[in-house]
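Novice: If you're matching them up, the sequences are chains A and B in order.
Just so we're aligned, residue 214 is where the first sequence starts under the numbering used here, counting upward by one.
Just so we're aligned, residue 214 is where the second sequence starts under the numbering used here, counting upward by one.
Do not rely on the hints blindly, as some may be mistaken.
Put simply, identical chains are the same to the list, so a pair is met inside one copy or across any two.
Stated by the list, open to error - DSSO-like cross-link-like pairs, simulated, lysine-lysine; straight-line CA separation at most 27 Å:
(1) K412 <-> K422
(2) K218 <-> K412
(3) K363 <-> K274
(4) K261 <-> K422
(5) K398 <-> K286
(6) K302 <-> K218
These aren't lab readings, by the way, just hints derived from the structure by calculation.
Treat the numbers as computed from the prediction; the structure is a model and nothing was measured.
There are 2 protein chains.
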Amino acid sequence: MKDAKVRLYVDQPLGVGQSVPLGRDQAHYLFGVMRLAVGAHILLFNGKDGEWRAEVVQAGKRAGELSCIEQTKPLQMPPDLWLIFAPIKKARTDFIVEKAAEMGAAMIMPVQTEYTNSDRIRQDRLQAHALEAAEQCGGTYVPEVTDIQKLDRLLADWPEDRNLMFCDEAEVGAAKTLGAANGEKWAILIGPEGGFSPKERERLHAHPKAHVVSLGPRILRADTAAVAALTVWQQQLGDW
Amino acid sequence: MKDAKVRLYVDQPLGVGQSVPLGRDQAHYLFGVMRLAVGAHILLFNGKDGEWRAEVVQAGKRAGELSCIEQTKPLQMPPDLWLIFAPIKKARTDFIVEKAAEMGAAMIMPVQTEYTNSDRIRQDRLQAHALEAAEQCGGTYVPEVTDIQKLDRLLADWPEDRNLMFCDEAEVGAAKTLGAANGEKWAILIGPEGGFSPKERERLHAHPKAHVVSLGPRILRADTAAVAALTVWQQQLGDW
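Only chain A is shown next, with the shape it has when bound in the complex (with noise of 0.2 Å):
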């Protein structure tokens, strides 16, 4: 069987013998910068169909078609995580919406808080960048990025039925587990660079669903503490 190295998310249905037309972009990416050619092995997925095996059938300039050989995985639905961050610095702010692609949430979500800096965010680039994590490693799910809210809001509409994570640095000697069952809804909070307000800490401790879980004795950067509060979620409830 040929090698695919070509990992791709396409907007059409997968299945045996599914033909799947290309784009101008998608084919200048293929038969331009990937230099595949008639005949050539890719790997498609929609978040919807799981994985497949294509053929690349016509390959163009400007368009191209592929054609679907087998599936090679299953659809794989990341748990049911929300991750809620308060957007910093653009690098560091696209490093956070791909880690939580690659670590598996399902939902990410920035909010503007008291300390927030910036209260607009390209959700069409934040996007476009948890879709080409999810390219890269290997997950046949696209987390939705949703448009920047006000915490004070999404707090007020908080669903019943959802537990949130929330990793406060001036909790010393918080737990370090979680202590909850699985399969039930989440979100892990990761707070702005300086850190909550006092009104804001105060509602968070009051909140019937907020779990307050330590990362340690050092003052970890939002991006950092978003893969640190992800990886102590996944390992003792999540997929891992």
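Place chain B on chain A using the hints.
Specialist: Okay, now just chain B, sitting in the frame of chain A:
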């Protein structure tokens, strides 16, 4: 007490009343960039004497002087943990070093593996990154970044009393826990983007001190894997 927002690594001894002369770069940073004046407070650490509050007693364009007032933190040594990794692209290598310092590794060791692209590193630049990360994260210790060495050689000379946590992406169903006693010497090994070679994997699996650990069903980039592996270790055996 005045709020000390700046935190600086210095190369001099720290103690009550100790005078700390500043070099050109430090004077430029404190008085040019951060706009501190005589009487301002900053935090100092040198990797040996803990963290100290100091006052600016002289502020010039090319030099200056600080005077230590009181110790604000004792020296907190990180656990005896090495992070061994194969250098990747520049930005991601920088991230790994920064993350290792934040997460509390004592030694950061770049290695050349069979599938490592780059065989050189800028040790001085990486050491400066580790130092900056220590300044930012509130640590009182700066991990040492060693020069690059061959993985083969490192394994041949492996110390008898040091465990090796090895994250093998090809290992489905590996343990999630380390199951070892506290207080031992450890090293974490992160592979290059292309993974380990079959020969390297064989050698690592046969290593008497190796513990294989799984980091989940998705393929993590090397920088993500470094933070995730450090989290697993710190949570189970470290200072978290």
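Novice: All hints, please: hold or fail.
Specialist: Hint check:
1. Within a single copy, K412 and K422 get their C-alpha atoms as close as 17 Å, which meets the 27 Å cut-off; across copies the closest is 49 Å, which misses it.
2. In the homo-oligomer, the alpha carbons of K218 and K412 lie at most 27 Å apart only across protomers (22 Å), although the nearest pairing inside one protomer, at 50 Å, exceeds that limit.
3. For the homomeric pair K363 and K274, neither the shortest alpha-carbon distance inside one copy (44 Å) nor that between copies (43 Å) is at most 27 Å.
4. In this assembly of identical chains, the alpha carbons of K261 and K422 never lie at most 27 Å apart, being 31 Å within a copy and 42 Å across copies at closest.
5. Taking CA atoms no more than 27 Å apart as the test, K398 paired with K286 passes inside one copy only; the shortest distance there is 25 Å, against 39 Å between copies.
6. In this assembly of identical chains, K302 and K218 lie within 27 Å of each other by CA distance solely across copies; the values are 20 Å between and 33 Å within a copy.
In summary, the numbered hints that this structure violates are 3 and 4.
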